[in-house]
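Visitor: Okay, here's what each chain looks like letter by letter:
There are 2 protein chains.
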Amino acid sequence: MGETLLPKRLALPVFASDALSSVAYAPDEILITLSLAGMAGFMFSWPIGLMVGIVVAVVVMSYRQTVYAYPNGGGDYEVAKENLGRHAGLTVASALLVDYVLTVAVSVSSGVINAKAMFPFLEGHEAWTAVGVIVLLTIVNLRGVRDSGGAFAIPTYVFMISMLLMIFIGLFRIFVLGHELLSETANLEVVRPDGSGDLVGWALIAILARAFSSGCAALTGVEAISNGVPAFKPPKSRNASTVLGALGLIAITMLLGIIALANLTKVHLIDELTGTHYINEAGETIHTAATTVVGQLAAVVFSDWFQPGFYIMVAATMLILFLAANTAFNGFPALASILARDSYLPVQLHTRGDRLAFSNGILMLSVAAIVLVLAFNASVTALIQLYVVGVFISFTLGQIGMVRHWSGTLRTERDPAVRRRQQRSRVINIVGATMTGVVLIVVLISKFTHGAYLALVAMGLMYVLMLGISNHYRAVAEEVKLTPESDRALPSRVRAVILAQNVNLPTIKAIAFARATRPTTLTAVCVAIDDDQVETILDEWEAEDFGIPLKVIASPYREVTGPFIKFVSQLRTENPRDVVSVFIPEYVVGHWWEQVLHNQTALMIRTRLHFMQGVMVTSVPYQLESSDRRRDRARTLTENQVRR
Amino acid sequence: MGETLLPKRLALPVFASDALSSVAYAPDEILITLSLAGMAGFMFSWPIGLMVGIVVAVVVMSYRQTVYAYPNGGGDYEVAKENLGRHAGLTVASALLVDYVLTVAVSVSSGVINAKAMFPFLEGHEAWTAVGVIVLLTIVNLRGVRDSGGAFAIPTYVFMISMLLMIFIGLFRIFVLGHELLSETANLEVVRPDGSGDLVGWALIAILARAFSSGCAALTGVEAISNGVPAFKPPKSRNASTVLGALGLIAITMLLGIIALANLTKVHLIDELTGTHYINEAGETIHTAATTVVGQLAAVVFSDWFQPGFYIMVAATMLILFLAANTAFNGFPALASILARDSYLPVQLHTRGDRLAFSNGILMLSVAAIVLVLAFNASVTALIQLYVVGVFISFTLGQIGMVRHWSGTLRTERDPAVRRRQQRSRVINIVGATMTGVVLIVVLISKFTHGAYLALVAMGLMYVLMLGISNHYRAVAEEVKLTPESDRALPSRVRAVILAQNVNLPTIKAIAFARATRPTTLTAVCVAIDDDQVETILDEWEAEDFGIPLKVIASPYREVTGPFIKFVSQLRTENPRDVVSVFIPEYVVGHWWEQVLHNQTALMIRTRLHFMQGVMVTSVPYQLESSDRRRDRARTLTENQVRR
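Heads up: the protein sequence lines correspond to chains A and B, in order.
At position 215 of the first sequence (counting the first as 1) the number is 215 in the working numbering, and the numbers step up by one without a gap.
At position 270 of the second sequence (counting the first as 1) the number is 914 in the working numbering, and the numbers step up by one without a gap.
Everything labelled a hint here was simulated from the structure, so no lab data went into it.
Given the structure is predicted, the values throughout are model-derived calculations rather than measurements.
From the three backbone atoms N, C-alpha and C, an ideal C-beta is built for every residue, glycine too.
It is possible that some hints are incorrect.
[As the list claims (entries may be wrong)] Some but not every residue of chain A turned toward chain B, in silico, with C-beta under 7 angstroms:
(1) Leu505
(2) Ser569
(3) Gln570
(4) Leu571
[As the list claims (entries may be wrong)] Simulated restraints, written as ranges between beta carbons of each label pair:
(5) His769/B to Trp202/A: 52 to 58 angstroms
(6) Leu917/B to Pro556/A: 48 to 54 angstroms
(7) Asn1115/B to Thr536/A: 21 to 27 angstroms
Just chain A, with the same shape it has in the complex:
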């Protein structure tokens, strides 16, 4: 791996792209949801933005406790598993796996929508553009790029700086220079689908709850640092905590800054999907959604003053969103590996060498994300309904786990100073658990019928699947466990059988190897499927004078497997205390299509023999010349894997 530990200035961009990128769509989703209440709805963007900001602050503070308590990383899955038990851990894991898929789908879709501000010709092709980006990310990750911190750092810092600059310049122009900055949608009136007036009462409260839930998308990715503590330079926990604090501060500043500017420049968004629409000054109805909040703000802040600023802002937003999707491509196999270690997923996902398994993980993530993007036509507004619920399940269980963690340590800890610190941490985590729990309930109620149920169904399926796998592994481990009563008897003798369909080099290699093992008896067997074959092989066998009896079984139905299996089975029955060792010569070829032309019978015989007690199957490979090329390639491949 050759991974060097990350200094803070690199750790921030590496872990922050996911969390920071979500401020690119969270304000949009708040405004879009509020549009359902009509023009009056937009008044509530301030308080909702503030509430989301408070949740961010509380969650960041909570995770700073986790970072100290779990310096080896692990994240919410480990915390929940360790403190709340297997099922809580599995719930968190299911939520996280589903959320990785949604991170890819939402981030890429949002990136494409942002790109539209720069490339208007993408209009109408959003879904397929997003699919193209996902395919590109998949290829890059399948090839296994080295993600040096540098590559991530530049666009992330460009995004942070240009975003903060944009907010600052915007506010400076409005309040100090007194410019009247009005967004392109400032003069458009938003009308509810049925054309009726603004919502009030309970209906309004329901909309506000949904707007808050969608705004909570800003929290996705905040937990990344708590997974990555081991990658920090020492003092690891301290540095991670500092970076987490900085991340929280930046995220809240950006979120509130964007909402403030959006309010001041009168950004109005509509929800295309539910039919809210604009009426312009000429009284015409417009059903097409405007560009994103960041795009509108960049246009109004920079366009009449410093044109490149617009392009830098939009391009950086697009890039950081694609980078956020890329973090899921790293996180998904990492989580799968941990789950495989705990026997919740096929064990080969834990061993690195199996490039195939690693690739399968990436492909599964990619296919699932593509299906989502196509199913929801790359609509962030539609996808976000599925997104936030998983994040808050993970937050809530993680925080409850932390509370129990501190209660546990407090039971044994005697040092008053340490006790005080732990008690303080526990209070913070109790606040965190309560708040995230309340948000989870709000999210569940306000979004369930709008799509969250789909995410819950997917999580349920993952949960059942992983539980099933785990139960299977447990049952098998139980079945194969050594006990004092286990049969440790040594088989007394070895009866060797060679499958000798021809007298050629692979066969004499098999004979030589079989003889080297000095079995008690050694028989060669030929299943003759054509009459003339019997004569030929007997003659050739005599000529070679191996000193081994050849048994020729005539098979009038031209079947090799059956008669051979029957012979072995009979040998077993006659010598129940011995072990039968079957030697099968196999051709090693250079091309996959050559495999079709050889070894099919060997493969079938081996599969069938595996079901027989007391039989071991030895393949004696004979390397054809064409196999050299492939061996070399296999070797190169492995070396590359080890180098990764």
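Take the given structure of chain A and dock chain B to it, following the hints.
Guide: Relative to the frame of chain A, chain B by itself:
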């Protein structure tokens, strides 16, 4: 197989369905092609029918010689290969393989068109109905029905009898009873696409040549008996020859009878595809094709007199056409098996036991036929353009082969009576070869651009593929051939290595088996991918006291395969004269999906070790309880196969 030999009365229907069924579409295709020349074209149906009849007679006589010369069957492929060499044989084989696909496509399409006379609602759904029939035939053949002669015999005899009766009754009513029988298309005038007058001169001759070529479709299936001589009751050749003669007589009678009746009842057909159309008495233009010749004749002969006769005739025609398609499902795997024996196709197609290969053959045939039916919209007229060329390539090469065969026997034969017989046979085959060769040239010229080129391209591809496979097998056989110089040295010692990732029952079974082989050295190797694994396994190993050293290799990159391969490779380098025997415990599970959860590392290690010289890989299966069910199923499967 438990096949009983066929008496003549059963052999006729078994082998005749393909040949006789083609008289159901050959007259149609003659009339359809003639319609391209306008109303005057139909005058030529008589001479063309006669010419086709003569070709049938000559071909039947020629094949009667083959039946005596090759009493073991084999057909044109064997004849061409033996007498004209490998490439001629391969050419015939390619033509036959492609023709099997076309037999299915043409017969099923024609069956569906005939069915329309009974079920008019099929109009417009011909292609998908044909696909449905092919799928049905595929399922039936995949399940492996017992094709007792009886099932074939009944519809074939019903078809023969009702067809001959229809012809007889029709002629009787016209000539004896003096009824005026006019078909439903008698009063429709046929007009050429551009509305111009009848063709004359070279254009007419070109049309006549094409009509003759299409009519030669009546010959498809005639060669079936020469493949099947071994299935006849003795005297095999004599009986086969008799049945072949009877078949020829019946086929010619039917063909000429249908054409005669069609002429007398003034059946007029049009070619929908090229735009010839009808003008009725009211002067209206009709573009829809009428029903088949058999359908029209059955209607006019039976409808005003014995209504059930119509349904019996049409149903029998439909059934015999589907049966003809079914013979291809039997013939294709049989030919593939012979080609596999001669190393032109993967060798497992020759061994029966491999149900998978057999099934693959049927599926390939079925998919190719479905593609053809859909591509040509189940149009017999379009498909027939591809069909006849392969049949005549096979006929011509077969006949030339027979001529050389007789020339060969005449070189050694001394008995004057036998010589006279052989000379007579040679003359017949020379006539046969000349005639089929001329027909082949006519077919090639008249049909090449109408679709025959497609069939030739497909045959070319098959030819190249089979030659490639054969060359591969030859090269491999050459490479593995035993020569006096071959290395027959026995490896001096066996170094055994056990992959011991856990201390459990599969591992101790592998240890017990490995010990039973009494290797020179025995080492257990554990590749530890987690730190705590090292401690655990060392403790457990100590506790068991196997008396075998355990080597633990730490793999910080969580890779099992690479370090293990490296260890084995090192062992090889240190002991170049010894053979390394690697024992891998494998789990035998009951469900395919459990396979995903186990043995993936074992599989990869085995594949990689196969590329290493001097290493044999022994899998020691450990049967989990769930494997019982599958073992039972595997056993049942084999017994079924053997019973087939």
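Visitor: Determine for every hint whether it applies to the structure shown.
Guide: We went through each hint and held it up to the structure:
no., hint, in the structure
1, Leu505, "holds, 4 angstroms"
2, Ser569, "violated, 10 angstroms"
3, Gln570, "violated, 14 angstroms"
4, Leu571, "violated, 15 angstroms"
5, His769/B to Trp202/A: 52 to 58 angstroms, "holds, 56 angstroms"
6, Leu917/B to Pro556/A: 48 to 54 angstroms, "holds, 50 angstroms"
7, Asn1115/B to Thr536/A: 21 to 27 angstroms, "holds, 22 angstroms"
Taken one by one, the earlier hints fail for this structure at numbers 2, 3, 4, listed in ascending order.
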